[in-house]
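There are 2 protein chains.
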Amino acid sequence: MSHDKTSAAPSSRTRIRRRSERAHYDADTVAAIAASALVCHVAFADDAGVHCIPTSCWCHDGHLYIHGAHGSRMLQALAAGEASVALTHVDGLVLARSAFHHSMNYRSVVAYGRFEPVTDADEKLAAFAAYIEMLAPGRWAQVRQPGRKELAATAVLRLALTEAAAKVRDWGVKDDAEDMALPVWAGVVPLRLAAGTPHPDAGCEGLPAPVHWGVPTD
Amino acid sequence: MSHDKTSAAPSSRTRIRRRSERAHYDADTVAAIAASALVCHVAFADDAGVHCIPTSCWCHDGHLYIHGAHGSRMLQALAAGEASVALTHVDGLVLARSAFHHSMNYRSVVAYGRFEPVTDADEKLAAFAAYIEMLAPGRWAQVRQPGRKELAATAVLRLALTEAAAKVRDWGVKDDAEDMALPVWAGVVPLRLAAGTPHPDAGCEGLPAPVHWGVPTD
Chain A
1 MSHDKTSAAP
11 SSRTRIRRRS
21 ERAHYDADTV
31 AAIAASALVC
41 HVAFADDAGV
51 HCIPTSCWCH
61 DGHLYIHGAH
71 GSRMLQALAA
81 GEASVALTHV
91 DGLVLARSAF
101 HHSMNYRSVV
111 AYGRFEPVTD
121 ADEKLAAFAA
131 YIEMLAPGRW
141 AQVRQPGRKE
151 LAATAVLRLA
161 LTEAAAKVRD
171 WGVKDDAEDM
181 ALPVWAGVVP
191 LRLAAGTPHP
201 DAGCEGLPAP
211 VHWGVPTD
Chain B
1 MSHDKTSAAP
11 SSRTRIRRRS
21 ERAHYDADTV
31 AAIAASALVC
41 HVAFADDAGV
51 HCIPTSCWCH
61 DGHLYIHGAH
71 GSRMLQALAA
81 GEASVALTHV
91 DGLVLARSAF
101 HHSMNYRSVV
111 AYGRFEPVTD
121 ADEKLAAFAA
131 YIEMLAPGRW
141 AQVRQPGRKE
151 LAATAVLRLA
161 LTEAAAKVRD
171 WGVKDDAEDM
181 ALPVWAGVVP
191 LRLAAGTPHP
201 DAGCEGLPAP
211 VHWGVPTD
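Residue numbers (the working numbering), protein chains in the order written: chain A, 1 to 218; chain B, 1 to 218.
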């Protein structure tokens, strides 16, 4: 991944101070990392303290979307104040000759801001379509689309990915010079989220299985 | 995963109110899910608001461990107050006949509490050993172990996984009865973090590659 040195952090709290050579602040890098995330973690505060809650997510129109039950603790808190959201892909184990230099390759995004509720019915429908299309391209046209009651039952929120920073490590081992001759394997073990053989629901054995979620190949 | 109905949430803020049939509060379930996480997300608050920061993690002796640079924003905040930590494994896409019933299979843990610094040199060394052994079993004995300066350069913190809750969805599609005859494939596409072919560092081509990180097989 190329590093755009001309791009600056959008705010003080997004500026990456530790290992700043891994920082990326350009919108394209942030969007690309977020677009392939199935889950994000949302930090928010309420009377009980700070919470970190995992939830499924998807991207659409420059925003990160989440959904949930009206009245849930998280959605109530997100309506009342700011949040921070993070998503992370682990891309590999970096195994060095020295314990100290072990690391991981990863791509992460941390974003800040206030979620806004998506209340317009057409916008909500478009958001759900984007979610289903992320899970399996072409699927929105195949499934039964949500009815009015179903749309009303689910709250949809979105966060503009404007105050956001990406952090990426995508290189090999960096051992100390004096350790290079040690007789231990060093290198990168790539990791990826891989789809296995689909398990059809009863009655679906004869139907064509959908395209798998698009994961990177080796 | 069996559901121990006799186990209760350890606190009000860990009690899972939404989809409580997915809740697990027993220590074994929490520990098993945490033990296979490579990354957690840490929520904490400081003067700039709430933050959600991804960081690598590992389990040892009933605690979740993280490490970082002394003086980093996160470590300073964790020394000063409580945090919430979450980790999530996405295990599958649940593709239903109706858009509304699409879901994911997952295993997650949310924990609360105050991280404690690991300052004793022997404990710190044992913690690093556990980290390296998680990345590749047997590796601690092969690599150059950390020197005094290296140990001093890195802060290690741990959180007891006592105020914690797990949430697990590990079943198939639940469509409405009236949708069961729709001619669309429904089922589960399993997902797992899979290791690819190791890329050796220069000079390591002839050495045996390590055992891959232990990922579940189909």
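Any given hint could be a false lead.
Same chains, same label: a pair holds when it works inside one copy or across any pair of copies.
[As the list claims (entries may be wrong)] In silico DMTMM-like cross-links for lysine to aspartate or glutamate, where the CA-CA straight-line distance does not exceed 20 Å:
(1) K149 x D179
(2) K174 x D61
(3) K149 x D120
(4) K124 x E150
(5) K124 x D46
(6) K174 x E163
(7) K124 x D91
(8) K149 x D46
(9) K149 x D176
(10) K174 x E150
(11) K149 x D91
(12) K174 x E205
(13) K174 x E21
(14) K174 x E82
(15) K124 x E21
(16) K149 x E123
(17) K124 x D28
(18) K149 x D26
(19) K149 x D175
Read the hints as simulated data drawn from the structure, not as lab findings.
Hints, verified against the model:
1. K149 x D179: So K149 and D179 pass the 20 Å test across copies only (16 Å; inside, 64 Å).
2. K174 x D61: The answer is neither: 38 Å in one copy and 30 Å across copies each exceed 20 Å.
3. K149 x D120: Classified as within; 14 Å inside a copy, 58 Å across copies.
4. K124 x E150: Result: close within a single copy only, 11 Å intra versus 52 Å inter.
5. K124 x D46: Close neither inside one copy (27 Å) nor across copies (34 Å); limit 20 Å.
6. K174 x E163: neither (31 Å within a copy, 38 Å between copies)
7. K124 x D91: Intra 32 Å, inter 27 Å, cutoff 20 Å: neither.
8. K149 x D46: neither (30 Å within a copy, 41 Å between copies)
9. K149 x D176: The answer is between: 14 Å across copies meets 20 Å, while 61 Å in one copy does not.
10. K174 x E150: For K174 and E150, the Cα distance is within 20 Å only across copies (15 Å; inside one copy 52 Å).
11. K149 x D91: Answer is neither; intra-copy 40 Å and inter-copy 29 Å both fail.
12. K174 x E205: between (49 Å within a copy, 16 Å between copies)
13. K174 x E21: Answer is within: at 14 Å inside a copy they meet the 20 Å cutoff, but 46 Å across does not.
14. K174 x E82: neither (38 Å within a copy, 34 Å between copies)
15. K124 x E21: This pair counts as neither: shortest intra-copy Cα distance 38 Å, inter-copy 27 Å.
16. K149 x E123: Within. Shortest intra-copy distance 16 Å satisfies the 20 Å Cα cut-off; inter-copy 56 Å does not.
17. K124 x D28: Answer is neither: 24 Å inside a copy and 40 Å across each miss the 20 Å cutoff.
18. K149 x D26: Classified as neither: same-chain Cα gap 39 Å, cross-chain 36 Å, threshold 20 Å.
19. K149 x D175: between (58 Å within a copy, 15 Å between copies)
Hint check: violations occur at hints 2, 5, 6, 7, 8, 11, 14, 15, 17 and 18; the rest are consistent with the structure.
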